[in-house]
Amino acid sequence: MFQVRIHGRGGQGVVTAAELLAVAVFDGGKHAQAFPSFGSERTGAPVVAYCRISDHEIRAREPIMEPDVLIIQDASLIKQIDVFAGLQPRGYVIINSAETAEELQLADKIKVPHSLAILPATELALTHLGRPVPNAVLLGAFSALTGVVPLEAVASAINEKFKPKIAAGNVAAATAAYEYVMNQVATHA
Amino acid sequence: MLRQVEGSKAVADAVAACQPEVICAYPISPQTHIVEGLSQLVKDGTLPNCEFINVESEFAAMSVAIGSSATGARTYTATASQGLLYMVEAVYNASGLGLPIVMTVANRAIGGPINIWNDHSDSMSQRDSGWLQLYAENNQEAVDLHIQAFRIAEEMSMPVMVCMDGFILTHAYEQVDIPTTDEVKAFLPPFVPRQHLDPAEPVSIGAMVGPESFMEVKYLAHQRMIDSAAKVQEVAKDFEAHFGRKTGGLLRSYRTEGAETIVLALGSIIGTLKDVIDELQLDGKSIGVVGLTSFRPFPYESVAAALKGAKRVIILEKAFSTGTGGIVTQDVARAIEGMGIKDFTVIAGLGGRPITISSLRNYLTNAMAENIDRLTFLDLEIDTVEVEINKERAQR
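Line order of the protein sequences matches chains Y and C.
Anchor point for the first sequence: position 159 equals 159 in our numbering, and the numbering is continuous, going up by one each time.
Anchor point for the second sequence: position 153 equals 153 in our numbering, and the numbering is continuous, going up by one each time.
What the hints contain is simulated information worked out from the structure, not anything from laboratory work.
Source: prediction; values computed, not measured.
Watch out, some of these pointers could steer you wrong.
Claimed, not checked - One-sided and incomplete, this derived list gives chain C residues near chain Y with beta-carbon spacing under 10 Å:
| id | residue |
| --- | --- |
| 1 | E137 |
| 2 | D165 |
| 3 | E174 |
| 4 | D275 |
| 5 | I357 |
| 6 | S358 |
| 7 | L380 |
Heads up, the beta-carbon is just placed ideally off N, CA and C, and yes, glycines get one too.
Take the sequences, apply the hints, and build the full model.
Have a look at this one:
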């Protein structure tokens, strides 16, 4: 079982990100279960969504408390809530930010793992999509960092979900995010 | 076709495949996505023979459902929580008049305090309403139960509630096989009402019944509910023959063979329990789970058979009767009377409190040693409530 927790704010498409990931995983022949944290969603309020990925049927329905992957769609949450709670020791972290790990003071929160990707997803979304919605973009980064789903599967999930023009922008932004993280990983290696 | 889809959307598509002729509903979380999905299907022409009626309240929704069902139209509605409570007067009339309406209850807590999250207080409050109540373990079963529900309802001339955990199921994306309209047609014949309103051949439905006959009418409803258990089983078997899936029915046992301890539960928590049972069995523990699909009719004989040989049963409930305890427990206790099985109740997940694997594991480990009270509230903040209890008592 591979467990993903996505943190963001109302309006950033947190729940949609979990849904897209689940569809991408399903298209690849695996089982996925995506669900939101069921709050009273309001624009700007912290929102959490989850996605479980497995080769087998997924039966458990508790919230994901020990994620293998954290996707943080809004870096301002890091100072506000304990987004890193329960993160697996060898877990992956993906953060939407134009800042560095040092600037984000991540060392105070986690042992900065090599499986960390920080990327300006909002800027990439603005460039390719024209809207500051980083959710689908970060799935490109997820694909690059974890290898759990291929970028093509992310792209086809985006195409299933959105109308052609918005889908094309999101796919372009996700692809840019994928390449950005691949370059980051190559630099670290 | 197998799809990765939100539970609500899956249910909307399954209901559409049953070709309802009237859908009327008032939106309330967490049911809203279901009727949104259906209204879209009516609007885009997928359901040409269906009228979607916007109503001003849940009371109106059930009232319209009663009217349309009485004319012989296959009728569907959905609600949750306060919405269900608001329609209660009409809910009892639907069953009293023997109208085969199918209604989804996207289970949610009842206020106050106001709470939008999942538990079973809403549908449990309708225990005695004369409706069948079937509880879904996952979204595949939610889909299948709706298809089975129309057939059970129409063959028994009784209304059926399909209960699915709000948010936990309605808002979860998982893979679901949704039968096509043609596949459903082969399983669900056209609705032939027992009697219906027709200006050409006028009848009265719902005339006043006085003291000389009221008891008999109610006794017939009682007997019909008892008889419906066989129908629930029969329809599940036929569904399996058509679709190859064992869903629905009265109850299903999981790894209970020779088990000393058996957990009995309803709804989506059964999945989590199965994972916990697997873990405990790996540790050599003698424990299994019974998932109760049909709460009404209550399958006394099947429950007794499923629990036979166990030393104890733990009934996990997401609702309770204030000052008393478990609701399902009362029926289970009667089913196992004289069998030498001890019953314990654990109330869990009220108002959306997550039921975690670790809490269940701890509780069940203690339960197997009978190191538990007869009634437990899982993960209750006992220190907090004790302070409050002492304060309140001192002020009285």
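Checked hints:
1. E137: Hint on E137/C: holds, closest Cβ of chain Y at ~9 Å, below 10 Å.
2. D165: 8 Å, holds
3. E174: 5 Å, holds
4. D275: 5 Å, holds
5. I357: 6 Å, holds
6. S358: 9 Å, holds
7. L380: It is violated, given that the least Cβ distance between L380/C and chain Y is near 18 Å, above 10 Å.
In terms of the numbered hints stated before, the structure departs from hint 7 and from no other.
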